[in-house]
Amino acid sequence: MTTEGRGHLGRILLLIGRLALAVVFLAAAYAKLKPPIPAMPWSLASVKASLSMFAMSVDSYELLPPVAVDLVAHLLPPFELFLGLWLLSGIALRFSSLVTTLLLGGFFSVIVRSYVVGLEIKCGCMGQDEVLGPKTLLRDASLLALSLAITIGAFVVARRRAQAVASEAAPAIQHGD
Amino acid sequence: MRAGLTLAALLLIAIAPAWLAGAQAKKNTKATPAPALPEPMRNLGSKTAPITLEVFSDYECPTCREFYENTLKLMMSSYIAEGKVYFVHRDFPLPGHKYSLDAARWEIAASRIGKFQEVDAALYDNQRAWAADGSVEKYVQGALSAADFKRVRSQVEGCLTQTVAAVKPAAQTNHICAVDNYIAEDKALGQQLPVTGTPTYVIYRNGQRLTSGSGFVSWKIMKEFFDSLGTQ
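Residue numbers (our numbering), protein chains in the order written: chain A, 2 to 178; chain B, 76 to 307.
With the rest of the complex left out, here is chain A (with noise of 0.2 Å):
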């Protein structure tokens, strides 16, 4: 394959690591912001709701003190909608992707030290009913691997960009001396 081949496939992995990454964001903020009852038309008071069911997955994690639990789960939800939108937007790629590692790299040390720790509790991460196991170990791992490998491609990608706008533009300023 050559180079320029391979240029092409990376942005179309990209682009296809990119969206799928959008879409986990989007449905994991929505599965927290949505009704807790089917019936209950969507309001601030159905999103409050939700939020505060969020805050007790939240706090099931022990590790913060409730102030703190009920600040991570109101701003979370919120964010990671902010982030799923933003991934599909595409718009500085470079640093959604960093963004979006490093939140996924927060949660996944979580999950190892609740698993660790023996915290028979529900994961909260795509809805209320996943128990944390095995099973969301593996699923947060190959998210945080195939975000880790999206911000490399992003930068890779960027590099190359800068590098051959550079090439470009240095014979122009050589016939320019």
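One should not assume that every hint holds.
Cβ-Cβ distance ranges computed for the label pairs, FRET-style [to be verified]:
#1 P39/A x E144/B: 45 to 53 Å
#2 A21/A x L149/B: 38 to 46 Å
#3 V132/A x L149/B: 25 to 33 Å
#4 P66/A x S121/B: 26 to 34 Å
#5 V132/A x S153/B: 27 to 35 Å
#6 G171/B x A150/A: 38 to 46 Å
#7 A46/A x T271/B: 28 to 36 Å
#8 G217/B x L149/A: 51 to 59 Å
#9 G217/B x P79/A: 49 to 57 Å
#10 S121/B x A21/A: 47 to 55 Å
#11 V113/A x A204/B: 50 to 58 Å
#12 F156/A x G158/B: 56 to 64 Å
#13 G91/A x P170/B: 48 to 56 Å
Keep in mind that the hints were calculated from the coordinates and are not lab data. All residues carry an ideal CB built from backbone N, CA and C; glycine is no exception.
We have chain A already, so just place chain B on it with the hints.
Chain B only, in chain A's frame:
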């Protein structure tokens, strides 16, 4: 003579129903067995409360104790007492805990004479002590009057040495421990959820299941969720 016979007949007619009723009553008294103990009352609060909290717990599990001491106790004195939350206790003794099944048996026996709260509190408050040496009975006795303890003791006699694996509904075994039937029922309910660890709680609003969770949740966080559902 004729008048006398009429009078005797009238007297017989008047007396006969009373005599028959008396005989029937005597017969009934003979047929009625000793009054059976009621179903265990392990629910707290008003059944009409908008929120129901069902908790599957194991008396020997440290997180269950933490949940009881820091969340349920505070809830009992506030939201349960105020009629906002209806609390349903379920026993889910885990096989890894040596004395948790016996503790559940004591609690159910106490619940059948209306002493759930007393024994529930005694078991959690002294969990570390009895979990270390198996002295469950001592703490149950301490929570009850002598007469009540005697009634409770009689229900668990002959049951206490059996293991979790032996707990099956009476229909499946020739089991004589009535208290074990209730534990088996709770375990069957838990397995349907499924309960993967203790404590596991299920929250209902007006009979509709909202969510379930496992592990410790502080009262502040749980209360916020209840409030967000419009209990105030």
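Do the hints match the structure? See the list:
Restraint check, P39/A to E144/B: a C-beta distance of roughly 35 Å breaks the suggested window 45 to 53 Å. Checking the proposed 38 to 46 Å range against A21/A and L149/B shows it holds: the Cβ atoms sit about 44 Å from each other. For V132/A paired with L149/B, a C-beta distance near 27 Å keeps the hint of 25 to 33 Å intact. In this structure the hint that P66/A and S121/B lie 26 to 34 Å apart at CB holds, the actual value being about 32 Å.
Distance hint check for V132/A and S153/B: the Cβ-Cβ separation is about 30 Å, which falls inside the suggested range of 27 to 35 Å. For the pair G171/B and A150/A, the beta carbons lie near 41 Å from each other, so the given range of 38 to 46 Å is met. Separated by about 31 Å at the C-beta atoms, A46/A and T271/B satisfy the suggested range of 28 to 36 Å. As the Cβ distance of G217/B to L149/A is approximately 58 Å, the hint placing it in 51 to 59 Å holds.
Distance hint for G217/B and P79/A: a CB-CB separation of about 51 Å, consistent with the stated range 49 to 57 Å. The given range of 47 to 55 Å is respected by S121/B and A21/A, whose C-beta atoms sit roughly 49 Å from each other. Separation of V113/A from A204/B is about 34 Å and departs from the stated range, judged on CB atoms against 50 to 58 Å. The hinted window of 56 to 64 Å between F156/A and G158/B holds, with their beta carbons roughly 60 Å apart.
For the hinted restraint 48 to 56 Å between G91/A and P170/B, the CB-CB distance of approximately 52 Å keeps it satisfied.
Of the hints listed earlier, those the structure fails to meet are numbers 1 and 11, in rising order.
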